[in-house]
Amino acid sequence: MIAPIVERDVSAIVQAAIEKHGAKRDALIPILSEINHALGYIPAEAFQEVSKQLQAREELVYVSKSQLFGLASFYDMLSTKPRGRHVIKFCENAPCHVVGGKAVWDSLCETLDLQNGETTPDKKWTLVTTSCLGLCSVGPIVLIDDDLYGNINPDQIDEILERYE
Amino acid sequence: MQTKRAMILVSNDPESVRLGANELIKYLTEALFAYDLQNEVEISTLSNIGTSNILPLVVVYPEATVYGPVKVEDARFLVEEHLYKGRIATDLVAPPKQLSGNIGWLRAHKGYNPAEQRIVLERAGRIDPENIEEFIAENGYQALGKALSEMTPEQVIEIIEKSGLQGRGGAGFPTGRKWKFVRMAKGEKKYIICNADESEPGTFKDRIVLEGDPHTILEAMTIAGYALGADEGYIYIRGEYGLAYRRLQHAIEQAEEYGFLGKNIFNTNFNFHIHLHAGAGAYVCGEETALIESIEGKRGEPRARPPYPVTHGLWNKPTLVNNVETLANIPAILRNGAEWYRSFGTPSSPGTKVYTIMGNVNFSGVIEVPMGITLREVINIYAKGMKPGSLLRLAQTGGSSGSIIPASLQDTPMDFESFRKAGVSLGSGALLICDQNTCIVDLVKVLMQFFRFESCGKCTPCRVGTQRAYEIVERISKGQGKLDDLDVLISLGQEMERAANCGLGQTAAVPIRDMLKHFKTEVEAHIRLGSCPAGVCEMLPEVELA
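Line by line, the protein sequences are chains A and B. The first sequence lines up with residues 252 to 416 when you count with our numbering. The second sequence lines up with residues 12 to 557 when you count with our numbering.
FYI, nobody ran anything at the bench for these hints, they're computed from the structure. Any given hint might turn out to be false.
[As the list claims (entries may be wrong)] List of simulated lysine-lysine pairs, BS3-like, C-alpha gap at most 30 Å:
hint : chain 1 : residue 1 : chain 2 : residue 2
1    : B       : Lys309    : A       : Lys271
2    : B       : Lys528    : A       : Lys332
3    : A       : Lys316    : B       : Lys469
4    : B       : Lys469    : A       : Lys332
5    : B       : Lys528    : B       : Lys493
6    : A       : Lys316    : B       : Lys309
From just these sequences and the hints, can you work out the full model?
Structure representation (structure tokens):
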């Protein structure tokens with residue numbers, strides 16, 4: 252489970268990400284992915300921190316925090332807003348759609364009482380649609396965190412959701 | 012569904028029908044009942060794959076034996092010999108010479124069921140992808156050794172050019188020519204990029220290669236590096252492909268350890284390094300200039316072209332960008348020669364193509380077959396037919412921006428040239444097979460939703476065009492469309508094709524174009540009658556105020 256940010260040192264996480272991927276322009280997306288992975292999303296102070304730390308290093312990479320925010324808002328796997336403890340991704344593309352995806356989506360929305368992009372009040376679930384994950388032969392598919400569920404039908408939703416704390 | 016152990020395919024093109032194909036099917040069915048095989052053997056149809064003097068043709072799977080001509084009086088004998096007694100009815104076997112190029116392969120490979128021709132996927136699933144020695148034992152790194160020790164860079168490019176290999180990412184650009192452009196481009200520093208940002212909906216062929224045979228890609232990129240004079244390469248892999256990423260990472264470490272990658276490869280003075288770069292979720296990054304922007308740490312917005320990456324690519328240096336499937340062909344071509352490669356497929360589109368099959372069929376998954384086979388063959392042979400109760404209504408070839416074709420076009424050979432002539436795109440090789448329960452308007456609505464979500468927003472024709480197109484199609488799907496909307500959709504599509512900056516916007520309206528070309532009646536039913544013929548769309552006609 253992800254600890255609240257106040258308890259974690261954003262600066263240390265940023266530093267570790269930069270050490271791992273290097274202070275280079277072509278490492279910006281991997282660095283942000285790393286932070287997103289550690290915190291569940293990228294908070295505003297992380298952009299500030301990345302920008303500051305990169306500038307302070309001898310490689311002298313200057314990236315403004317607005318540029319970093321631009322990156323994070325562009326890529327689907329990076330989030331600038333806090334998410335629930337578990338993120339449900341549902342493939343909404345045609346291959347899953349024609350084999351019964353719509354009914355699965357409706358069932359997810361109804362069960363969780365969420366619309367696309369929303370998080371439950373108890374911060375347990377975030378529900379988002381995603382583009383094709385390349386697993387079309389077992390569609391419709393639902394991805395919960397890193398667990399993949401294929402050949403899903405609406406009746407299985409309750410049972411699957413129960414597996415998560 | 013009960014699995015059948017064998018399948019009989021009878022050619023039923025007009026010529027075969029004239030020569031008695033329909034009667035033959037009837038007799039074969041009767042013979043199956045006579046031997047009580049009706050639950051074990053399935054009968055289906057096939058397009059013409061031979062010359063007229065051997066029609067009607069019968070192909071029996073899993074052995075892929077081709078019989079022809081088969082007369083009605085032979086039906087019982089054929090069933091008795093082949094399916095009851097289990098031996099080939101040699102007297103009836105069609106002379107191979109009489110078979111068209113499309114069928115030579117049917118017997119070529121019997122290791123798989125049904126027969127495939129695997130070049131790209133030759134090792135995937137057969138070797139341990141995490142063990143370099145298994146790869147080496149299967150001719151791995153042999154082509155690289157050959158290139159470095161026996162060939163000049165020019166000879167490598169020449170053999171690729173002669174093979175006729177075309178880019179498998181979707182556009183079909185001749186690979187050898189692209190290599191030549193980068194080779195000739197001015198500059199000391201050049202880059203090789205493998206485009207592994209496979210995100211075309213319905214496509215997962217590259218994932219199979221990356222997960223099952225990662226060293227092939229490293230070998231091919233290193234060969235390209237040698238041929239083009241580059242010492243650095245990037246694999247841009249989509250962020251969602253975690254397993255493929257880990258396998259590639261492991262493969263790179265192993266290859267460096269064994270001296271196939273890094274400094275002084277094969278004890279020559281050639282050096283080549285490969286970096287692995289994960290994306291973060293953006294369909295548009297499959298476009299080569301957007302991909303380059305993304306590696307450079309920017310938003311994945313496509314650049315204006317020209318200049319093309321072959322002269323101004325990564326960090327503004329000459330760059331080769333090739334798709335995973337394209338690269339996976341390279342080592343095999345170098346090992347076996349251009350002539351060998353040209354023996355597969357059609358003269359204008361040599362080689363094989365990896366297709367991903369999905370939708371309302373009995374088998375979905377990946378197959379690799381020579382270029383030029385037809386959709387009907389794919390459905391009947393490899394997809395094991397439509398699901399029970401399903402009839403082929405339409406198919407989408409090549410992913411989201413691919414063409415939507417009606418059942419009547421299923422006999423078009425699938426190669427770049429024939430498809431281009433028929434106005435169809437082969438794209439990435441995704442084959443989405445849909446039955447009568449699919450509504451074209453609903454399907455196109457889903458596709459437009461995809462494009463408006465994935466449009467990067469840089470250029471107006473695409474940013475606004477995909478949004479407007481979605482709104483209009485959505486309106487039609489609710490029964491609130493107007494006939495004028497159809498004209499607007501057509502002109503919108505034409506403008507996007509003309510004015511959009513990159514392939515995403517230029518082709519986003521292809522499904523709309525095909526919908527209006529092949530399924531206009533169905534669309535009009537939504538508008539004029541306020542009803543969805545397939546019973547999929549929820550109709551919410553506007554309340555008319557009194």
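Holds or violated: are the alpha carbons of Lys316 (chain A) and Lys309 (chain B) at most 30 Å from each other? OK: Lys316 (chain A) and Lys309 (chain B) at ~13 Å, within 30 Å.
Straight-line Cα separation of Lys528 (chain B) and Lys493 (chain B) no greater than 30 Å? holds (17 Å)
30 Å Cα cutoff - pair Lys309 (chain B), Lys271 (chain A): Distance of about 19 Å is within 30 Å: holds.
Between the alpha carbons of Lys469 (chain B) and Lys332 (chain A), is the straight-line distance 30 Å or under? holds (23 Å)
Are Lys528 (chain B) and Lys332 (chain A) close enough, with their CA atoms no more than 30 Å apart? Violated, at roughly 43 Å.
Is Lys316 (chain A) close enough to Lys469 (chain B), meaning Cα to Cα at most 30 Å? Between Lys316 (chain A) and Lys469 (chain B) the Cα gap is close to 20 Å, so the pair holds against 30 Å.
Comparing the model with each numbered hint stated earlier shows that hint 2 is the single one that does not hold.
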